[in-house]
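All chains, please: the whole structure from these sequences, using the hints.
Chains as they are written, first to last, in the numbering used here: chain B, 191 to 606; chain R, 191 to 606.
The reader is advised that the hints may include incorrect statements.
No distinction is drawn between identical chains; accordingly, a pair holds when it is met within one copy or between any pair of copies.
Stated by the list, open to error - Heads up, simulated DSS-like pairs for lysine-lysine below, C-alpha to C-alpha not over 30 Å straight-line:
| # | residue 1 | residue 2 |
| --- | --- | --- |
| 1 | K213 | K192 |
| 2 | K477 | K528 |
| 3 | K192 | K562 |
| 4 | K524 | K562 |
If you're looking for bench data, these hints aren't it; they were derived computationally from the structure. Since we're looking at a predicted model, the values are computed, not measured.
One letter stands for each residue in the lines below.
There are 2 protein chains.
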Amino acid sequence: MKRKIGIIGAGVGGLHLALYLNKHGVDATVITDREPHAYRDSQLINTVAHHHVTLAREAYLGIDHWSKPELSYTHHNHFFNFPEPLQFRGDFSRPSRAVDYRIYLPVLMEEFMRRGGEIEFRRVEEDDIGPLVDRFDLLVVSTGKGGFSQLFPYRPDLTPYTQPQRRLCVGLYKGVRHGEPMNVTLSVSPGHGEMIVIPTVTFDGIATALLMENVPGGDLEELATLSYAQDRPRFLATLLAKLEKHHTTTYDRIDPARFDLAQEQDLLQGGVVPTVRSTTVEFPGGKCAIALGDVHSVVDPMMGQGANMASYAAFVLGEEIVNSDVLDVRFCEKVDLKRQDRVLAASRWTNMMLAPPSPELGELLGTMGHNKALADEFTENFNYPEVQWDRISTPQRIRAWIDRTAADRAPQTQAA
Amino acid sequence: MKRKIGIIGAGVGGLHLALYLNKHGVDATVITDREPHAYRDSQLINTVAHHHVTLAREAYLGIDHWSKPELSYTHHNHFFNFPEPLQFRGDFSRPSRAVDYRIYLPVLMEEFMRRGGEIEFRRVEEDDIGPLVDRFDLLVVSTGKGGFSQLFPYRPDLTPYTQPQRRLCVGLYKGVRHGEPMNVTLSVSPGHGEMIVIPTVTFDGIATALLMENVPGGDLEELATLSYAQDRPRFLATLLAKLEKHHTTTYDRIDPARFDLAQEQDLLQGGVVPTVRSTTVEFPGGKCAIALGDVHSVVDPMMGQGANMASYAAFVLGEEIVNSDVLDVRFCEKVDLKRQDRVLAASRWTNMMLAPPSPELGELLGTMGHNKALADEFTENFNYPEVQWDRISTPQRIRAWIDRTAADRAPQTQAA
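This is the structure:
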């Protein structure tokens, strides 16, 4: 049963799949237009945290090169900038880790090639699809570059927004004190935006990602367009002033004298339209292309789900390829059946958090402020978005979750 | 966590669910307009075989009252009425059984009530839905009566036919010799129709169901409208002549002197439009109705899947109810995720068999004629329609299945 799998795109989804197939003796070819050496000086690509389910996949693939405990973080600190600030902590059962993808992706590419995997470094576009279909038994499309995502129509039923819901200002900074142990802060300034503060392994040790999710029309929006290159002092002064006002607990960790981008190219500004696409194209003769990662579902980065879902879906796809005789529409349907609950839950959960909170969601957050077990479960569920969605998808579910956690605590109170 | 489940309809799906919930201590109320005693003299409802996965569910529910081995059948005999007839046998791993539902359903109803379950005997219609929603935490709709199936729009993507593909003439007959051990015959007269011959436990012991699936425009079509009540001798003479011409191996088992309906009401004529419906309705406030069994997917009876799928889906639904805090749209979505592959595969497989066979399907049947392992697997897959669909959904899959089975046999040939 000799099959050739073509993987277009060398992001985390494409590379985790390539390494998985290589490990199982399946012939996989990655096609990408960016060589490993081209990442070193490139603009910041993203800021990505891998949760422990993803780290377990890295261990399985033998690519856990950053497993020293001091590179991981153990919990989330939450800060809500209310007149009476709300703060609470939620712990993971096992640590998470963020590595700069300009380091991570080239290492995976080199590793894949070292193990005999083939990467073709060339630009492909939609016109190349015919020869690619002829050449491979299955095409995996894991990049939107070259117009490939247009093969997969977006699904209006799962795509509630037509505009970015946050104006992003994402940078890797020096001069921000790390916690001990390291942790991620989820900081919320109601009406203005969220900021995810992530200790990130980058070229010069650990820097701090400030992933600023700014609400259009709010006080922080201008950060998404303010130019660092044209006026560095103004950028930094404006940013510091906004942090002091909106994200106080993080501002308190900053040494203004040292505060700056870790490198001048460590900034990314823009926005994402969360989009879910149909996943399968069947070509004449029965061969298929299947969408993976962002091509299937691109999410706002707020809940840190995009890369983790791409890795998860890569493993589902890899397992199915290894176990399947035939890579046809039925194969693609089975892949979708296995991955869709988690992948779509990540999208729906994130989309819910982008919207103004319901009264029940507000109550949930307030309850987490004095219920550590609830906060821990919410945090752990970053690994299992389908479980998070089970907890919060409807007001009834949030209510039931709060009640159940309160009931779990009640006997302890009585015993005390 | 006290929930009240309302089940509209007392077919196999509704009753298996009711008994499952009762076993797990969940409050379930069945609503049906037909009391147990009303079944004895009613017209034939259907002819249904339960495959071993369904019999295992009956054992779990403690309702396997027909478990004597002599009431079961062990294999399928296939007969294709070609100029050079094709015949082959396929064995199940465990026996199947057919019990007249005019016996089966009342026994289950009595059993449910004996165990404390509540059945409301009354007619409900779509206007009753408001009070029912108020009264129950979840409504399960398992009957199309009273217009309830209109709550669930049909799905054009999964409903390829707008007309019945076979004109059915279904009867329970005496005067047909049983095999030893008992078996089901799948008899095909190309261009004219199929006949499923099922030894069936009925009021006076075991009779023989002749489930005739007649192709519109074929030589057998008239059987679907020929009146037994108006002219019994003509009906029987016509039927015997058709059987002699088209379904020879079954005709050979008939004693014409004894051949007749087991009871005068043991005949059912008509047709089914295979239809798949969406499964969930959400009401204001968040409560839901979920479709079960024929309301979800009604199949032509040719492959014997309808009742088995209703029972399967009842168990999936029951398990989810037992394990869920909240019975909302997310709950319904999770039920669908778990049941849809098997339920939809039964629909697709049956729909495929209603269409003219592809060259590959023809080759598969021919190969089964000299490959017992393949015929056994095809037969066993009546229990697992999603596996059958894995094998035959595309020409590539049929090809791969034949090749794989041939490869499995090759070493034995070499060793001989």
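Evaluate K477 and K528 at a C-alpha cut-off of 30 Å and name the case that applies: within, between, both or neither.
both (20 Å within a copy, 27 Å between copies)
My question is about K524 and K562: at a cut-off of 30 Å on alpha-carbon distance, are they close within one copy, between copies, both, or neither?
Classified as between: cross-chain Cα gap 28 Å, same-chain 38 Å, threshold 30 Å.
Using 30 Å as the alpha-carbon threshold, which applies to K192 and K562: within, between, both, or neither?
Answer is between: at 27 Å across copies they meet the 30 Å cutoff, but 52 Å inside does not.
Give the relationship of K213 and K192 under a CA distance limit of 30 Å: within one copy only, between copies only, both, or neither.
within (15 Å within a copy, 49 Å between copies)
Of the numbered hints stated above, none is contradicted by the structure.
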